[in-house]
Amino acid sequence: MISFPIALLATSSWMYDCDYVQWTGNPPRAPHLPSPLNMGRNIDWGGFLLKHLPRDMLYGNASHGIGPDGRTALRNSINAISRHEKQKQQVDQLIRWILEHRTPAKRICWPKHDTWEILTSYSNMLDGLHNLFVREDSLRYDVAATFARGDPKPIDPDRAYCINGSSPYYTDIARVIVRITDEKLTSSNMRNYLDVFQHPFLHALAAASRDEFRCSFMYGCTSHLRYGQPMLPDSFDHLWATVIQAFAFKLPQCLIFSAVPDLNPDHVYIIGGVQA
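For the sequence shown, this note's numbering gives the first residue as 27, with consecutive numbering after it.
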């Protein structure tokens, strides 16, 4: 079998789908509203978003794990978020960005595997939807898919961000790690480098690229990798060496930023935050 160095490969583009935005009418009103002219907090913004998103993303076989329950949850979540003025502005910005793609010259691209898992990797589904889309040109020219929208939403510190060899994106993530291993970057430079990549694990690794860490577990943390126990790096170099070690031995690994409950005994956990 012919083998190629992983660092020489480009994004696994077959793991992503691209399609055009659907054309539809004005924002629909919620069923209980007396008038469609009521454009306030009760407008069905979740339904409006779903009507414009590419159909294959929501209904096609290529999207794994969304389904009818997921579509309902996404719609209800967006409607709940849009009741708050600050979040409503973010909904408006997302809708505006989507509508800008209503042209034959533009397409929206997204990961077609683990779609629901990626969508729900953040504090709310609006943040997840903001971070879901990828640049189409990154599927051809980059080492891994990058965010389509600027200023990606932050990670959720109360979640574990995990990766293992069964993930369809494992090779792309490992490629990023291999590419940057010999660069000897500072924590801030590493954070800037990683923060463009769309996969939640790489986004979490960007957030973990810091110089200080704190153990937030009542029963303490280890100084080395152990299954099912939180490991506390003593520096950025220690963090990075530990991540590389986990990839080298293909260990299922998670980055955590707080005392998350129910650590999986089959995973190793690396602390990437400073929460007390």
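In case anyone wonders, no lab produced these hints; they're calculated from the structure.
Predicted, not measured: the structure shown is a model, and the values here were computed from it.
Beta carbons: idealized from backbone N, C-alpha and C, even for Gly.
Certain hints may be false.
Stated by the list, open to error - In silico BS3-like links for lysine-lysine, alpha-carbon gap of 27 Å or less:
1) Lys-77 to Lys-112
2) Lys-138 to Lys-77
3) Lys-114 to Lys-77
4) Lys-112 to Lys-138
5) Lys-276 to Lys-138
6) Lys-276 to Lys-210
7) Lys-77 to Lys-210
8) Lys-112 to Lys-179
9) Lys-114 to Lys-132
10) Lys-132 to Lys-179
11) Lys-77 to Lys-132
12) Lys-114 to Lys-179
Stated by the list, open to error - Cβ-Cβ distance ranges computed for the label pairs, FRET-style:
13) Lys-210 to Leu-277: 36 to 42 Å
14) His-264 to Arg-128: 45 to 51 Å
15) Ser-39 to Tyr-85: 19 to 25 Å
16) Gly-86 to Asp-288: 43 to 49 Å
17) Trp-40 to Ala-274: 25 to 31 Å
18) Arg-166 to Ser-249: 24 to 30 Å
19) Tyr-167 to Trp-123: 18 to 24 Å
20) Arg-166 to Asn-215: 37 to 43 Å
21) Gly-246 to Tyr-85: 21 to 27 Å
22) Ala-274 to Ser-249: 17 to 23 Å
23) Asp-118 to Gly-93: 25 to 31 Å
24) Val-300 to Ala-267: 16 to 22 Å
25) Trp-123 to Asn-215: 37 to 43 Å
26) His-264 to Arg-81: 45 to 51 Å
To test your reading of the hints: which numbers does this structure violate?
Violated: hints 4, 7, 13, 16, 18, 20, 21 and 25.
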